[in-house]
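Novice: Take a look at the letters that make up each chain.
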Amino acid sequence: MSVDSQTDRQTGDVVAATAQPLDDSRRVAHVRDLHLGFGEREILKGLNLDIQAGEFVTLIGRSGAGKTTLLRALMGFDAPTSGEVEITDEQAIAFQDARLVPWRSVRKNVALGLRGNDIQERAASALAEVGLAERADNWPLTLSGGEAQRVSLARALAREPKILILDEPFGALDALTRIAMHELVLRLWKRHKPAVLMVTHDIDEAIALADRILILADGQVSEAATLTTERPRDRYQPELVKLRERLLTRLGFSAVEALS
Amino acid sequence: MSTTSSSSTVVDVSDASTADAPGFVVAGSATATTAAPARTRRRLRLGGSAWRRAISPLVLLIIWQAVGELKLMSTQKLPEPTQVIHTAYTLVVTHSAAYGTLQGALTASLERWGIGFVTGGVAALLLALIAGLSRRGEDTVDPLMQMLRTLPLFGLIPVFEVWFGIDLLPKVLLIALGTAIPIYLNTFSGIRSVDGRLGELARALKLSYREKLWHIILPGALPSILVGLRQGLATGLLALVVAEQINANSGLGFIINQGAQFLNNNVIIVALLVYTLLGLITDWVVRIIERRSLAWRRGIEMAK
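For the record, the sequence lines run as chains A and B.
So the first sequence is numbered by numbering that gives the first Met the number 0: it starts at 0 and just counts up by one.
So the second sequence is numbered by numbering that gives the first Met the number 0: it starts at 0 and just counts up by one.
Chain B extracted, bound-state conformation (with noise of 0.2 Å):
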């Protein structure tokens, strides 16, 4: 082996690259220092944003009032905020015997909501894996799904209450049914879109198949699972709205049909309002979930 000539000019490169290093570390920490405080810039912004992202609602509000104390419209047809409020009020504080209260119609709504969602939503679930994990399982299930899909969930109403009567089940099967279409396209295209070159990695490192599931399957499908969480509420909400004003005798459809009966706007746009804030409250939650459990992009997300 010999270290002749050519290796002292190799320790010449190396002594260049050192007396280069200094240099390098300066950048390098100037880089740092600059980056945290863009950081705190960027949380003001989003801060500001969000004031001014207030600011279109209140103007409405404001001209909504306006419209019925300048009697530019008849508070009949529109009643003013502040009237809204105090029937809100009026609803939660006394029991009528055209409406009852709001919180025993909000109670009722919750529990056709709730059953609804939780079957269709676990449903869906179960057969997205079914499809999503086997060929067999796809031929079998995908094409009924793929068929549901295309219903129309409305057009459904007649038959469900010829099948099921006007009780809680065509309610609760219409509501499962408009929350799990959401969830189960979502979920099985999840699945199916996972990065192949993971799959190849589970092999590599001979993963079982519950590994393969827990570690790569799943959490590469929950992005996609919580979008259709997201529309499966929606979707949901809005067929809960729709149930709940056929043949009911409670919850927040039956105040709106009463409300309409009676002519009374008041009633119905404060159950409309509570319908807005429901489906608020649960974009909420689920946006929750995802900053919780998608927190492994939020590398990416910052980056851009």
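So that you can see chain A by itself, here it is in the shape it has in the complex (with noise of 0.2 Å):
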């Protein structure tokens, strides 16, 4: 794991000096030399990465570095060139398009695929967690952006995941939907805390969010900072915009570039 040195004597209190050392036995992802590419585009090289059983962590990233592939990855859904990829079983995702099945209620659509006891009560309480106890016998297509990520979410967190992954799962919404959205997933991970890995093109929401911040370019994953910060955060604080600006740079991006 490499920790860009240059972070660390900048953050100060606010962005913690280093990473904590990994604990083994904590771990719920562990990626070791992930190569993984189609025909001749290979998109990660030799990809490191691990996830420690609570923490939440952000993983940025340029449009088209490869966030989508590693989590496909992670899922199991595209196999490896080389390297190794372990998960743990009990992990969950949110997709970017939510992905409800349209022709099942909201209710069904949180309660399949739920194993053991008490499915209909788990998906129930799943469902009043997000606020949308109201709208279980609903079908999906008459849910607004917001409230069928909603749907998802609790979907997901139905399964009492230790991993829950986060596929850009705000990416669609407007800027206010998105704020509300943030204080829910926070509320959701302080209760149940899985380990959470949410992959993200914005830098804000990935500041606001994550313990960690990893960055994804160059087909590698490298870290970025980590953060103790209370939350909720003020995103104005010195340290919060000095880290912005940090990061934005280092994914290549100059205020010019911005504009053009």
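Each hint can be trusted.
Under the rule of at most 20 Å between Cα atoms (straight-line distance), these lysine to any residue pairs were calculated in the SDA-like manner:
#, chain 1, residue 1, chain 2, residue 2
1, A, Lys189, A, Gly53
2, A, Lys107, B, Ser292
3, B, Lys70, B, Leu59
4, A, Lys161, B, Arg202
5, A, Lys107, B, Lys205
6, A, Lys107, A, Gly145
7, A, Lys107, B, Leu197
8, B, Lys211, A, Ile118
9, A, Lys107, B, Arg291
10, A, Lys189, A, Arg26
11, A, Lys161, A, Glu128
12, B, Lys211, A, Phe76
13, B, Lys205, A, Pro101
14, A, Lys107, B, Leu293
15, A, Lys107, B, Ala294
16, B, Lys211, A, Ser104
17, A, Lys241, A, Gly251
18, A, Lys107, B, Arg296
19, A, Lys189, A, Asp233
20, A, Lys44, A, Ala216
21, B, Lys211, A, Trp138
22, A, Lys107, B, Leu206
23, A, Lys44, A, Met74
24, A, Lys192, A, Glu128
25, B, Lys205, A, Ile118
26, A, Lys189, A, Ala179
27, B, Lys205, A, Phe76
Some chain A residues near chain B, calculated using beta-carbon distances under 8 Å:
#, residue
28, Met74
29, Phe76
30, Leu111
31, Gly112
32, Trp138
33, Leu140
Source of the hints: derived by calculation from the structure; they are not laboratory data.
For clarity, every value in this text was computed on a predicted model and none was experimentally measured.
Glycine residues also receive a C-beta, built at the ideal position from the N, C-alpha and C atoms.
Got two chains here, separate frames each, mind docking them using the hints?
Specialist: If you want it as structure tokens, here you go:
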């Protein structure tokens, strides 16, 4: 794991100096030297990643950096060319497009694939947690984008995962809804304490939510920052503003480029 | 953690947004109240269009009747509607040596159609499942079905007569084949065109094969299956009409044949109308099934 030394010096007490050493027994995901490509094009080039139980990790990267490819490898959808991928079986994912089954009611969507006893109760309480208990019998197509995404979160949470994978879950939502979703995700995370791996292209989102921010670039993941600030975070706090600028620079983004 | 001047600006911002909030609420409720009347207006308009759609068929009926009344055309060639109704009534209440009864003919026809439709439909669904759900199944079943599809259905009649005689079997087989082809084609393509992202979801949710089939694949293919069902019913009916005119001694086709022999167009038109009625009724039944089973789509259709 490479910790950017420049980041370390600048972080101060808000952004912790070093990443905590990883404890093997608490690990819920472990990726070593992962290579994955399609045909000639290699997208992931020797990628390393470790996620511990209960931590909130966000992964940022420019579009086309391979964020989704990495998630697909973690979910077992795409087999790696080489390298190891280990992840706990107790995983759940919320997709960017919510991906509700349109011909099953909201309640059935949440209950779909649940195992064990009192499936209905678990589905109902997950829906109640995201504030959609009263929509349980509606068709998914009658939901707004934000509501659909909340159902998708409820569906993932009802599985009581050890790792919750969020694939740009709020990318398609408007700014106000997104802020409400951040609060919801934090609340759910604090209550259930799954590890979260959230992929996003939104740096502010990453700063608002993460314990650890990782950057995916050139087919590799590097450690960008570890944050210890209490949530909810004030994004105008000087340290966080600085962190934001640093992250933008590391993503190879300049103001000139942003305008063009 | 420093909460200094920067956090006070944050408070200002949130104050401004709460001040805006009532405005949002008003706007929201305003759209909600206008939405409800819009829906009732739409329903009224649909009712109105149903009436408007009834006008042209009614006018046609009146012209048809007038043609007969004004002796513009021989009533032997084109009996007017009232005469057709009278003939239908006579066919129902009296048993004639030439035609039998209308209800007797209808029963015989329905029997052929029913047997042919059920066997053809079930076979088509099973074959489409085999072909749709596995590569090997597709490689085995699909070439044969594609060959059958290109065969001209009614060109088979003479061959069927040689192979299966002239009784029930060749007729039922012809109807079954006519029903099966569209149901197979639509079901197969319906299964294959289920959104791949939902397949991924099934993997992510660790659904069993049965759950995936029941919750994802079959409901996803259902719209296509229903299109196939409708086409299959129509083609099956067509096959019934053709099959019945060959060596039949009962059924609606037999009535038409007899009518042609006795130069009785009244009877032929009655039989044709009964065929039409059968088509309309089955179409109506499928529509009801569609409305029930595809209710989840209504959200989009309403919006459009």
